[in-house]
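In the order they appear, the protein sequences are chains A and B.
Letter 61 of the first sequence, counting from 1, is numbered 61 in the UniProt record's numbering, and no numbers are missing.
Letter 151 of the second sequence, counting from 1, is numbered 151 in the UniProt record's numbering, and no numbers are missing.
Please note that a few of the clues may not be correct.
What the hints assert, rightly or not - Short derived list, chain A residues pointing at chain B, Cβ under 7 Å: (1) L376; (2) T380; (3) E384; (4) L385; (5) V404; (6) F407; (7) S411; (8) A447; (9) V450; (10) I453; (11) V457; (12) L462; (13) D494; (14) V514.
I should point out that these hints are in silico values taken from the structure, not numbers from a laboratory.
Owing to the predicted nature of the structure, the values given are computational and were not obtained by experimental measurement.
Ideal Cβ positions, reconstructed from N, Cα and C, are used throughout, including at glycine.
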Amino acid sequence: MLNIPTWKRVVIWALCVLGLLLAMPNAFYSRVEGHNDAVKAIELAGETPDRLSAKAAWPEWLPSGLVNLGLDLRGGAHLLAEVQVEDVYAERMDALWPEMRDALREVRASIGTIRRQDSDAPDELRVRISRPEGMETALVTVRALARPITTLTGVGSSDIEVRGEGDEVVITLSEAERAATDSRTLQQSLEIVRRRVDEVGTREPTILRQGNDRILIQVPGIGSADELKSLIGTTARLTFHPVVGRADSADQPAGPNNFILPDMTDTGVFYILEKTAVVSGEELTDAQPAFDQNGRPSVTFRFNPTGARKFGQYTAENVGSPFAIMLDDEVISAPVIQEAIPGGSGQITGNFTIEESTELAVLLRAGALPAELVFLEERTIGPELGADSIEAGKIASLVAFSAVLVFMALSYGWFGILANIALLINVGLIFGLLSAIGATLTLPGIAGIVLTIGMAVDANVLVFERIREELKTARGPARAIELGYEKALSAILDANITTFITATILFMLGAGPVRGFAVTLGLGILTSVFTAIFVTRIMIVMWMERRRPRTLEV
Amino acid sequence: MRLKLVPSETDWNFFAAARVTFGASLVAMVLSVALFFVMGLNFGIDFRGGTTIRTESIRPVDVGAYRNALAALDLGDVSISEVFDPGFGPDKNVAQVRIQAQTGEESVTPETIAAVAAALQQIDPSISFPSIESVGPKVSGELVRTAIMAVTLALAAVLFYIWLRFEWQFALGAVAALVHDVILTIGVFAAFQIRFDLAIIAALLTIVGYSLNDTVVVFDRVRENLRKYKKPALKKVLNLSINETLSRTVMTSLTTLLALFALFVLGGDVIRGFVFAMIWGILVGTYSSVFVASNILLMLGVKRDWSKNDDGGAGTQFANVDA
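Make the full structure from the sequences, and use the hints.
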């Protein structure tokens, strides 16, 4: 038992050294952070003297992984957004309509005239046919438009469900298609949120999918959640619609397939627009802030070839009539088409400030959100509060640490000091592991470390107490130490495994700071068991080999 | 010279006053449950939705003036409390303003927050807002469910593990001790109306883990002693085991408490509630592993034949783990 083979000694010490090496960058936090930022910046934007010197501040061959600081320690904004996935259904139905209309017109002989009806449910398309006896033909015709679904879960089903209700054909999305659409919508939203946050260029934003329809966004260093919200919460859906007429209020009847929208700048002015858009923002390839011929801030945009063709064709056919540029349920402007616009580029002039036009250009470039975001949770933590928390956490940890060290040394003498060295290694290992897996340290996480400091000595205490007991009966110190470790082991493992179970459950179910706590607690258990049963033991064994004491006091 | 908190040989009878200690535990639990229902918990926004705004100012906090300023905004239930911390200087005065979830809104709108900020700035121009947190009712509902699930799951997992490694009587004893600790902690939170938020759930689960740690160490010794002493009464074996592990129990509780007290005093006000829950939990947890878990074990009785051959080797699985 007291003969530990050389290879085991090497492995144990090597693990300690590795852990401490990984932890080391955290001791030089700002310097390493500067180095990491510089490396990233050089990769993106090339070398400058400043960046090079920041990069040189930390040697390349040393590990440079750092523990991320959570929002509560660094300050920043946290948002939990729910993507309104249903928004997309209505749009799907609108997009389906032209195709359906054309198909039904071909069988006009048996079904008569067709007319789209307004529907209460947004994800329903209702078409009235004037000859109900032709319903069967209509249903067959519409069903022929259904496409099979290609996702894994939806195999065998098609994207739409069609049924007849009196003289109306009702088309809805199938369950499988909804699921597929939802997942696509969330994926797109995630991507667009990421692009928008990246455009602002802050450090290490966290953008994560949560569940089926939620996105978690954490951006350190941003002033407030509001700022972040206005950046990512705007749908920024740009569409171009034919204008049917003007109106004085939003309540006026718009007629089927039309809708009424307010003007962005002139209150009291409303436009009646056709539901089906001519071109939409998805077909933009670029948008830049600019000034129009009168020197007012504006945004120039360019369409991709398909968009350009549609736009060119529409403007050619409708010279002299107005069309509306619409952004998120408001009409930016409704100019009259002076001439055909074939080049696929144009300029939006509204009543913008320079900031607004810049932001609009950013939003248009990053793309529109496919659906609205509703914010369920938002938190802003000021950087000073974070700095205070770090400071308090640091002091508290140091005091806690010293108290435990002194207490252990007083209680167990030389063995206590060995345990203290192991405890120092233990804390180093926790930080090493945290850096290696890129975990985030939160305030509760610091509490987890402090708690681990308190509890890490437990395994050593168990062993030492046991050695004391064995010293009373056993034949000499070596045997007592051997028995002490042997007999304390099951208690150590049982106790730590049960705590580890709770840490795991916390990690699985917890959110945000609680999760940070679970991570440090769980890692702390692993490292403390390791240091207690391997590191302390190896130190005791080495000491025994050198001194060969005849008696032992623990 | 060693610091010894517990004499190296003790033969204290922990069951002498079993009726009193067990009765006291029962009374405390009933009282906690009663407090929970009568006073309720002071739930933070994590669990009931709403907004908390932390204010900081060089002027002393005037809760009454704050309240009057906000009353005009008609925000429903608004609670304002001053925050104290030894770390704050004389020109750092912190308060916490909590606004209930506004009907029909998932999270409080920027307009509401701007209105609150403006109202407070009117009475104290130097005021600033280091943190603003807002949780919608949808999320808070879910957080409540997850929290309850987390605690229940943790208890179930532990019950299962101990049953696997020991015997079912041990598992029941351990879980009874845990339930005791959790209930008493909730009782204290109800009694002192300390803010109960998500972090407290983490603290509760840590208490579960810690108390378990203690209980398992005692039980491990009980198991060992049951193998060693086949004849003496169970009560005697239990008492012996508690005495033998007493020194360790006290040592570990003390080191942990030392660390936590440092955090409580110096760790800042943000996590003080969290640390308080832990300190209380460790006190109760240490008590319960000695007085509650063992008492339950004594009541349930336990298999006496622990000879290694006939038993699947419960508790010996790790015996050959070696450095």
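Taking the hints in turn, this is what the structure says about them:
{"no.": "1", "hint": "L376", "result": "4 Å, holds"}
{"no.": "2", "hint": "T380", "result": "5 Å, holds"}
{"no.": "3", "hint": "E384", "result": "6 Å, holds"}
{"no.": "4", "hint": "L385", "result": "4 Å, holds"}
{"no.": "5", "hint": "V404", "result": "5 Å, holds"}
{"no.": "6", "hint": "F407", "result": "6 Å, holds"}
{"no.": "7", "hint": "S411", "result": "5 Å, holds"}
{"no.": "8", "hint": "A447", "result": "6 Å, holds"}
{"no.": "9", "hint": "V450", "result": "5 Å, holds"}
{"no.": "10", "hint": "I453", "result": "5 Å, holds"}
{"no.": "11", "hint": "V457", "result": "5 Å, holds"}
{"no.": "12", "hint": "L462", "result": "6 Å, holds"}
{"no.": "13", "hint": "D494", "result": "5 Å, holds"}
{"no.": "14", "hint": "V514", "result": "4 Å, holds"}
The structure meets every hint from the earlier list without exception.
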